[in-house]
Structure formats: structure tokens, C-alpha cells
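Going down the list, the sequences are from chains A, B and C. End of the first sequence = 446 in our numbering, gap-free, step of one. End of the second sequence = 132 in our numbering, gap-free, step of one. End of the third sequence = 490 in our numbering, gap-free, step of one.
There could be a bad hint or two in this list.
Said to hold, decoys possible - Listed below are the simulated DSS-like cross-link pairs for lysine-lysine, each with C-alpha atoms no more than 25 Å apart in a straight line:
#1 B/K55 to C/K157
#2 B/K78 to A/K319
#3 A/K319 to C/K157
#4 A/K153 to B/K78
#5 B/K14 to B/K105
#6 C/K433 to C/K444
#7 A/K153 to C/K157
#8 C/K154 to A/K319
#9 B/K14 to A/K319
#10 C/K64 to C/K365
#11 A/K153 to B/K105
#12 C/K318 to C/K154
#13 A/K301 to C/K476
#14 A/K377 to A/K220
#15 A/K153 to A/K286
To be verified - Computed far set for chain B versus chain A, every beta-carbon distance over 12 Å:
#16 G23
#17 I25
#18 K55
#19 E91
#20 K105
#21 D115
#22 D116
#23 A124
Bear in mind the hints are in silico, worked out from the structure with no lab data behind them. We put the CB at the ideal spot given by N, CA and C, even for glycine.
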Amino acid sequence: MSYIPHTDVERQQMLAAIGVTTIEDLFEAVPSAHRFPRLDLPAPLSEMEVAAELQALAEANEHAGDFAIFRGAGAYHHFIPAAVNHILLRGEFYTAYTPYQPEVSQGTLQATFEYQSMICALTGMDAANASHYDGATSLAEAVTVALEVTRRKRDKIILSPAIHPHYRAVVRTYHQGTGVRIVGDAGRADISDLTDMLDEHTAMLAVAYPNFFGRIDDLKGLAQKVHAAGALLVMVVNPMALGLFKPPGQLGADIVVGEGQPLGIPLSFGGPYLGFFAVREEYVRKIAGRIVGETVDQDGKRAFVMTLRPREQDIRREKATSNICTNQGLMALAAAVYLSLMGKHGLRQAAELCYHKAHYAAQQIDALPGYQVDQSKPFFHEFVVKCPRPVDAINRHLIENGIIGGFDLGADYPHLQNHMLVCVTEMNTRAEIDALVQGLKEAAND
Amino acid sequence: MGSWNTPAELKYTKNDEWLRIEGAIGIIGISDYAQDQLNDIVFVELPEVGATFQKGQSFGVVESVKAASDIYAPVSGKVIEVNTALEDEPEVINADPYGKGWIVKFELSNPVDADDLLDAAAYAAYCDSRQS
Amino acid sequence: MTEPLIYELSAAGRRGALLPAIDVPETALPAELLRDDLDLPEVSEMQVIRHFVKLSQMNHAIDKGFYPLGSCTMKYNPKFNEDMARLPGFALLHPLQDQDSVQGALALMYTLQTWLAEISGFKAVSLAPAAGAQGEFSGILMIRKYHQERGDTKRTKILVPNSAHGTNPATVTMAGFQAVELPSDANGDVDLAALRAACDDTVAGMMITVPSTLGLFEGHILDVIRAVHDCGGLMYMDGANMNALMGIVKPGELGFDVMHYNLHKTFSTPHGGGGPGSGPVAVGDKLKPYLPGPVVEIVEPASDEDDAPLYGLRMPEKSIGRMKAFYGNFGMHVRAYAYIRIHGADGLYNVSRHAVLNANYLRVKLRDTYRVPYDRICAHEFVVEGHFPDVENVHALDISKRLIDFGVHPPTNYFPLIVPEALMIEPTETEDKATLDNFVEVMKTIAAEAREHPDRLRSAPHTTPVSRLDEVRAAKQLVLCCRPIPEWAE
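Construct all of the structure, not just a fragment, from the sequences and the given hints.
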């Protein structure tokens with residue numbers, strides 16, 4: 001098989017032009033002892049055969065197309081209008097690269113500018129970049145910005161334990177070489193415990209909104225306390241929740257990061273996703289990654305271009321604060337198309353559907369013998385269920401009944417053994433929710 | 001030969017900063033050669049007043065569209081004033097690098113460690129040598 | 001030709017997508033927590049489609065024409081791969097499902113890990129890094145942890161040739177090391193004397209791109225590796241240019257300790273207008289325990305030949321940690337799997353052979369018109385100087401912009417930094433001879449124009465939706481968002 005177009009005649013003409021006899025002659029600079037190793041790979045197959053092989057692998061998975069799914073925990077099954085995929089499949093978008101040459105990249109540049117604008121509108125922040133890899137790496141990059149803003153004179157960052165465990169792990173990976181102290185997330189600290197940790201060494205405090213358990217914490221006065229200590233407030237947000245709840249800009253956030261996957265991007269076993277990143281205006285020059293700005297061309301026509309380029313690794317090299325180059329451009333396009341299609345009313349409606357369905361499910365589950373849902377704090381579309389049995393036993397029962405149950409919290413939060421994080425979205429019909437409730441009831445004493 | 005202005009009363013570094021000593025105060029900027037190489041300057045990152053810098057330490061950044069260049073302290077000292085006008089009009093450095101385009105004022109450390117800086121003639125020759 | 005912003009098409013009350021009516025009893029919303037307004041556009045589905053289709057038409061792309069952007073490997077992206085990544089069993093699979101319910105996905109990842117290890121000659125692979133830069137970062141973090149675990153804490157430096165991609169020195173700083181730049185010699189190789197002088201017990205390792213960013217096979221790569229190993233450092237290979245090496249040489253066999261792949265270069269996963277990428281990292285025995293995770297392992301061997309083993313996700317013993325949430329850019333893993341499966345060993349070998357054939361053909365065809373600073377047999381790309389001794393004020397940028405008028409995407413400009421007015425040309429193996437010949441003719445035409453009508457270059461492009469942009473204004477006025485953001489009172 002081949003995507004290589006050369007004919008034998010052309011190959012010979014090209015070799016003659018170069019002045020060698022065979023293609024192998026072009027590799028004499030490669031150490032001869034190591035030249036042309038055998039690759040132990042399976043024999044090539046036709047497209048038809050590979051399709052069959054991959055279909056078999058795909059069908060070996062139990063997925064949200066065939067199962068009712070109530071699992072979230074950082075990746076969410078939402079409605080994606082068909083038009084999103086049709087735009088993503090435009091070869092002019094997906095087979096282009098970073099818009100280094102703006103004259104032939106206005107499509108990517110304008111779409112990115114529109115994406116940035118919608119992220120600003122959603123978060124209530126002044127500026128957004130063109131994306132990071134995912135929500136977790138966005139948070140890790142926010143730490144760098146906070147350290148830079150405080151001019152590397154502060155070395156402590158406070159993380160809420162109610163931020164996604166993977167995100168906190170990624171922050172530790174990113175900052176293992178730079179001497180940053182990461183505190184706050186070892187135990188069960190709540191917001192007021194976290195603010196008690198603020199001091200003159202603190203560069204930032206980060207909370208999740210909604211938090212990992214789906215709850216909307218009371219954040220009133222938090223920004224003032226963080227700012228009084230000279231630190232930055234970073235909020236990790238779910239963009240779908242922002243269809244309904246106050247924007248973090250209004251709550252005083254300095255940096256807002258999050259996972260953009262709910263905005264028109266399929267679950268895809270964890271990636272590619274979309275890290276969005278928004279800041280208050282005064283921090284724009286400290287952020288990493290591509291940023292698109294508006295300008296004019298020589299004739300005064302409005303046009304778009306990558307700007308603030310000298311921050312980036314290809315120019316700033318060892319002095320750059322991040323090495324990010326390729327980001328998640330196509331996923332940012334997906335989010336821009338999705339937010340355009342959903343629009344002002346559609347996103348709000350989707351968020352409300354999530355809210356009402358989740359609350360209906362929580363009430364039904366709480367009424368089951370042996371199950372308990374703490375509904376004392378406001379929540380969005382996820383909630384914690386205390387179960388009468390280990391979560392994996394319950395989930396085994398559910399999957400036999402066509403249901404992917406909630407996320408088992410015990411591994412990441414030892415005090416939450418037998419606690420399940422349930423997610424309900426607009427995709428879950430009442431019949432599915434009722435089936436979940438029935439399944440949980442059966443599983444209680446299975 | 002280059003056509004860059006190198007006022008005789010100033011001292012220069014090989015990183016293209018200039019220094020004007022007025023008693024215990026040192027005024028620092030970047031040279032005409034440096035602004036010409038950078039082209040249109042779009043941003044200047046200024047240090048905090050009160051910060052101290054050792055000779056050779058980076059205290060700020062000058063940015064054009066395609067490049068960013070650190071500014072290094074030609075002598076040790078403490079920042080007593082920064083040119084805040086550059087925040088809104090960084091292009092002043094292009095227009096008037098030795099006048100309105102000054103960047104910071106240092107209270108100089110004692111003794112002043114400026115002996116190894118270049119004089120105008122040596123610096124002009126150094127600029128020319130980079131344009132071969 | 002310009003297109004309004006999507007917000008400028010908005011009219012109050014207009015809807016795009018519709019959602020089903022609510023089918024459960026409603027619960028009161030917490031009024032004090034709700035937002036007042038949501039400033040998103042109000043447009044119809046057809047408006048959205050026309051808007052984004054028009055935007056797409058303003059892009060150059062591989063699907064439209066030649067894209068010889070050096071170091072980016074802009075090869076054809078097979079359509080089949082797109083379909084495979086969208087199979088519901090992959091696209092609708094939640095990352096936090098129970099192990100038993102995701103065996104197909106884990107099998108695919110396990111197999112891809114194995115293939116990538118085989119192609120590079122390494123022992124183990126993690127698919128976790130989301131892009132090449134993240135692969136680099138994970139590699140340098142592994143080197144750091146390796147030395148630390150041995151109590152060897154005085155190693156604070158990473159050597160980087162001056163021809164390196166900017167990601168290399170930036171990665172070194174991010175990982176808490178100091179980047180030490182090495183000069184190149186007259187052949188464009190690492191200056192061996194300078195390297196040996198720099199090698200001491202403070203060197204943690206070296207990052208080097210093979211073939212180099214000049215598109216050259218390092219003439220004395222084995223000496224370079226030996227010098228760094230002899231002082232106790234580890235060798236990182238930037239695998240951005242693996243498109244030249246498949247079946248040609250295995251970096252692990254040369255003695256490298258770690259390298260990353262760019263699936264979006266070598267294995268044809270699309271560049272997406274700037275991502276998503278995927279940057280799997282491959283290591284030898286020394287660094288295997290430190291791999292970023294999780295990685296896929298066999299947790300229960302198959303009971304017999306017809307049976308599949310049980311796969312599971314595991315964190316390596318001394319892992320540097322997670323690079324991102326979940327397990328890497330899985331959608332890219334599916335595409336790369338399809339690409340490798342279709343090619344097999346001979347197919348991949350052919351890819352690299354033809355990538356190198358195409359680059360050398362262009363090099364010899366262009367060398368009389370454009371100066372080739374390191375004019376010897378090249379790998380998959382080469383660098384020319386984009387200026388002429390007899391023409392003043394025509395730069396690489398002008399040649400690039402003029403190329404656009406002929407339907408060709410410009411080569412990479414002004415990189416590597418060690419070549420003046422660099423134009424870095426990478427044709428890839430998927431371009432045919434006619435396309436290459438046309439490119440040569442266009443480059444010759446432009447060289448002639450530079451002498452006869454230089455303004456045609458300086459004012460190019462002439463055929464695009466917009467002319468050259470005012471980048472100074474973009475940087476000074478900083479309009480990054482088209483919506484007014486309220487002044488929130490704290």
C-alpha cells in the first residue's frame with residue numbers, strides 16, 4: 001500500500017538528477033553498522049482489512065453509543081450538533097498547520113479569534129489564548145503565570161483538594177523541577193481552610209467551580225482574601241456550568257482555566273481535548289501559547305494575526321516560560337462552532353437540562369434505601385452518592401443492565417470509600433435515569 | 001560604517017545598554033544600534049522601583065514584533081525610578097533612545113563598578129564590527 | 001474578500017441547535033448563583049455553516065496544495081484515518097470506565113506502544129504526552145529524576161546545539177535545568193571539540209535532533225553520544241524528523257536513551273491548524289521505570305492462542321507522573337495505528353526513502369538558483385538562503401510571500417537561526433515529481449523576478465484575501481477579544 005505517488009520511471013529520473021544510482025545511496029552518512037535495520041511489524045494490510053481490524057477493536061469497547069452513561073469526573077457526554085463534525089472535516093481546516101503565514105491562514109486565525117472571544121464571554125475574563133492541551137495542563141500553565149506575575153519571589157501555591165485529581169497530579173509533574181511548594185490538597189480542606197494557608201509566600205490559590213464533586217462552593221469574599229495576600233485567584237471551571245452560573249470574572253478570578261471538552265468534543269477515551277485559558281488584561285503578556293489579535297492589512301482591511309509572539313519558545317528559547325508549540329487548534333475550532341450553534345439560549349438550555357435532570361436523579365437516588373445523596377450544597381450536574389456496597393460491585397450490576405454507572409471516588413479520596421460520583425447530562429432521558437435508579441436499587445442487595 | 005548615534009558622554013555595554021552617570025545616580029537605556037536592530041518596539045517590561053540588581057543581571061525586556069531582548073544592568077544598583085511613559089508609548093525608544101527613551105534610574109552601588117564599560121568610540125567600533 | 005465575525009451575524013432570538021423538551025420535574029434554580037447574561041452569538045445553523053466554510057476557504061492546506069513547511073512534515077493525511085477515529089466505539093468511549101469495558105482501546109494503545117518501540121529501537125513507550133513539546137518535557141524530567149534517584153544532584157546542565165528547535169532550550173528551563181548552547185562546525189554538525197570541552201560531571205544530558213534541523217544526518221553521531229555518555233550524561237533525541245529514519249536507523253540502537261515522536265508529523269495525524277498533536281516518548285532500560293503514565297500493560301496473559309490477554313493501565317514504578325488528564329490524545333493514537341497498520345515495515349521504510357529522495361531532488365534542482373549553505377546529501381529536508389548577493393532588500397520573507405501567489409505554502413522562514421535568511425524546505429514523500437518540478441520552476445521564476453521586478457516580491461502576496469498585515473499594530477493595540485467584558489466590581 002502506499003500514499004507515495006512515484007512511478008519507477010520518475011524515481012530513476014530523480015536519482016539521475018541527484019547523481020546516485022539507488023535511493024539507498026542517500027543514506028551513507030548513517031553509521032553502516034546500524035543502517036537499514038529490520039522492523040518487526042505485522043505485514044501491511046489494505047484499507048478494507050484495517051477497517052475490519054479497527055472496527056473489531058472499537059466494538060470490543062462498551063461505549064456511550066450503546067450504553068446509558070452516568071459517568072463524568074472530567075469528561076462528559078454531551079450533545080454535539082452534526083454540523084460541528086462537518087466543519088472539522090473541512091480539509092482546509094484540519095490539514096493546515098499553525099497560522100505562521102497570516103495571508104493564507106485567515107480562516108484559522110479568525111476562527112481562533114472568535115473562539116477566544118467566546119471564551120472571554122463565557123468566563124467574563126478579558127483575554128484568552130488559542131488553547132492548551134487540556135484542562136489539567138492549563139492549570140499547570142496557570143501556576144507558571146502566577147509565579148511569573150509574582151516575579152518568582154513567591155514559591156507556594158495552594159490547591160483545593162476538590163480540584164480534579166489528575167489536574168493536581170499534572171501540576172506536580174510540571175513543577176517538579178522548579179522548587180515550587182504545592183500545599184492544600186492533601187486532606188479535606190474546604191475553602192476557609194485554604195484561605196487560612198495564604199501568606200506572603202503564596203503566589204496563587206486555585207479552586208474548582210463546580211468542584212470535582214459537582215458542588216458550587218460559596219466563593220463570596222474569596223477573591224478579596226486572596227488578593228489581600230498579594231496572590232492570584234485561579235479558578236478551574238466547567239464551561240457547561242457557565243451556561244448557568246455566574247462567570248468567574250465576576251467572582252474576582254485572575255486566571256480561569258478548564259476543560260473545553262464539553263463544548264462539542266467527543267469523549268474519545270480522554271483526548272484530544274481542549275484546555276482553555278483566560279486572564280485579566282494585566283496578565284496577558286505573561287501567558288503561554290498562541291494568541292490571535294486583530295489588526296489591519298496594508299489596505300486597511302480588518303485581519304487577524306498571531307501576536308505577542310516574542311513570549312514563545314521559537315523566539316524566546318531558554319527564556320520562554322513554556323515550551324508549548326502545537327496546541328489543540330482543531331478542538332478550539334470545534335468549541336467555536338459548537339458555541340455558535342448553541343448560542344446564547346442553547347447553552348443555557350443545555351445547562352438547565354443538565355441541572356434539572358441531575359437534581360431529579362439525585363432526589364430519586366436519595367430516596368432509595370441504603371443510598372444517600374448530600375444535597376445540602378448547590379450542585380450542577382454531578383453529585384456524590386453514598387452507597388451501601390463497594391462501587392465497583394454496583395457498577396458491575398449496572399453494566400449488565402446497559403448502564404455505565406458513576407465514578408468510584410474511593411481510590412482518589414480514601415475517606416470516600418463506597419462513594420460514587422454520578423453525572424447526568426442533557427443526553428440522559430428520564431427513562432435512563434429511572435433505569436439507573438432501578439439498577440441501583442437492585443444492586444443494593446444483589 | 002554604521003550610522004548609529006553614540007553620544008560621547010555615555011558608557012556602553014556589549015549588550016547594547018547605555019549608562020549616564022549623574023553623581024550617585026545612573027540612568028540606563030538601550031542604544032541607537034539596539035533600537036535599530038529590534039525595529040518597531042511594541043512593549044517594555046519595567047522592573048519594580050526598589051528592586052536591586054547586580055551588574056550583568058537582567059532587569060527588564062524590550063520587545064518588538066519578532067524579537068524580545070533582555071536588558072542587563074550595566075552596573076549594580078537599586079531602581080529608584082522607571083520610565084512609566086514607555087508603558088503606553090514604547091516607540092519612544094525608537095525615536096529617542098538616549099533622551100525620552102531612557103528606561104530606569106539606578107541609585108548606584110558604592111563603589112561604582114563602571115570601569116570596564118565601553119566608551120563611545122569603542123562602542124561605535126563594536127557596532128560596526130557586527131555589520132560585516 | 002473578508003468575512004464578518006460570527007457575532008456580527010447575530011440577531012436576537014435566532015437559534016442554531018435545538019434541544020429536547022425537559023422530561024423530568026424541574027428543581028428551583030439557585031437564583032443568587034446564576035449569571036445575568038451570556039454573550040454568545042445568536043445565529044442559525046446555515047449561517048454557522050456558511051461562515052465557517054468561508055473561513056476555511058481563506059486557508060492554505062495540504063488538501064489544497066504543496067505545503068513544504070520545513071520541520072513540520074506536512075504530508076498527506078489519509079481520509080481513512082479520520083473515519084477510524086470517529087468509530088463510535090472509540091469516539092464515544094469514556095476515559096474513566098472500568099478496565100473490562102475498554103479492552104479494545106487498551107489493546108490498540110498497547111499495540112501502538114509496541115510498534116513505536118520497535119520502529120525506534122527502544123524498550124518501552126508511553127503515549128501520554130499530548131504533543132512533541134510535552135514529549136520533550138517528559139524526557140528531560142525523566143533524565144532529571146534518573147540522576148536524582150542515584151543521588152547525582154550536581155548535574156544541572158543540558159547541552160543543546162545552536163541549531164535546535166526553540167522547544168528544546170525552553171524545555172530545559174521548564175524542567176529546572178540550565179541550557180548550554182553548543183556551536184555547529186563548518187559542516188553543520190555539532191562541534192565535537194566544543195562538545196567535549198562542555199562535557200563534565202555537571203552535565204545531565206544532551207538534546208539533539210536527528211537528522212538535524214539543517215536536514216543533515218549528523219556526521220559523527222556516535223562520537224557525540226559517546227562523549228555525553230562518558231561524562232555520565234544521558235542522550236535525548238528530538239524525534240521531530242523521524243520521517244527520515246523509519247527502517248533507516250533505530251535511534252535506540254545508536255545509543256540514545258530517550259526520544260519523542262510527533263504522531264502528527266511522522267504518522268500523518270492531521271495538524272489541525274495548530275494541533276492536536278501527540279508526542280509519545282520512547283526509552284531504553286535505564287529510563288523505563290520513569291516513563292510518564294499511565295501506560296498500557298498486559299495484566300493477565302492470554303490463556304491460549306485464540307484468546308486476548310487482559311490489558312490494564314499502570315503507572316510505571318518511579319514515574320515522573322501524569323503529563324495530562326487521562327492517557328494522551330487517544331484519537332491521534334487511533335489514526336497512527338491505522339497508518340502503521342496499512343504500511344507495515346516495508347511501507348514505512350518506503351516512506352522515509354521517498355521523503356529523502358524528494359528532498360534531495362529539490363536540493364539539486366534549486367542549488368544553482370538559491371545558495372544551499374551545507375550542500376551535501378540531505379535527509380528529508382534542507383535549508384537554502386532566501387536572498388541573493390546581487391539584489392538588495394529582497395529577503396526570505398519576500399520570497400515566501402511571493403510563493404503564496406503561486407499556490408505554494410512558504411517554507412519555514414528564518415529557522416534554523418544559524419543560516420541567514422533561512423528557508424527550510426521539506427517536501428515529504430507524498431508529493432509527486434510534477435509538483436516538485438513545478439515548485440522548482442516557481443522558485444526560479446521568483447529568483448528572476450527578484451532581479452527584474454523586486455517590488456513584486458516586496459509587496460506580495462497579491463492573490464490572498466488580505467495583504468501583508470500590520471503586526472506592530474496587533475502587538476501594540478492588543479485586540480484579543482471582540483466583545484466588551486464588563487468591569488466587574490469586586
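Going down the list of hints, with the structure as the test:
1. B/K55 to C/K157: holds, 23 Å
2. B/K78 to A/K319: The given pair, whose Cα atoms are some 24 Å apart, holds under the 25 Å limit.
3. A/K319 to C/K157: Satisfied, since the Cα-Cα distance of roughly 15 Å is no more than 25 Å.
4. A/K153 to B/K78: holds, 17 Å
5. B/K14 to B/K105: Holds, because 20 Å separates the two Cα atoms, which is no more than 25 Å.
6. C/K433 to C/K444: Between C/K433 and C/K444 the Cα gap is close to 16 Å, so the pair holds against 25 Å.
7. A/K153 to C/K157: Since the Cα atoms of A/K153 and C/K157 sit roughly 23 Å apart, the hinted pair holds (cutoff 25 Å).
8. C/K154 to A/K319: holds, 22 Å
9. B/K14 to A/K319: holds, 19 Å
10. C/K64 to C/K365: Answer holds: C/K64 to C/K365 is near 24 Å, not above 25 Å.
11. A/K153 to B/K105: holds, 22 Å
12. C/K318 to C/K154: The given pair, whose Cα atoms are some 20 Å apart, holds under the 25 Å limit.
13. A/K301 to C/K476: holds, 17 Å
14. A/K377 to A/K220: Between A/K377 and A/K220 the Cα gap is close to 14 Å, so the pair holds against 25 Å.
15. A/K153 to A/K286: Holds, at roughly 15 Å.
16. G23: Given a closest Cβ separation of 29 Å, the condition holds.
17. I25: Check passes; 24 Å lies beyond 12 Å.
18. K55: Non-interface label stands for B/K55: nearest chain A Cβ at 19 Å, farther than 12 Å.
19. E91: Check passes; 16 Å lies beyond 12 Å.
20. K105: holds, 20 Å
21. D115: Given a closest Cβ separation of 29 Å, the condition holds.
22. D116: The claim stands: B/D116 keeps its Cβ more than 12 Å from every Cβ of chain A (closest is about 25 Å).
23. A124: holds, 28 Å
Checked against the numbered hints above, the structure violates none of them.
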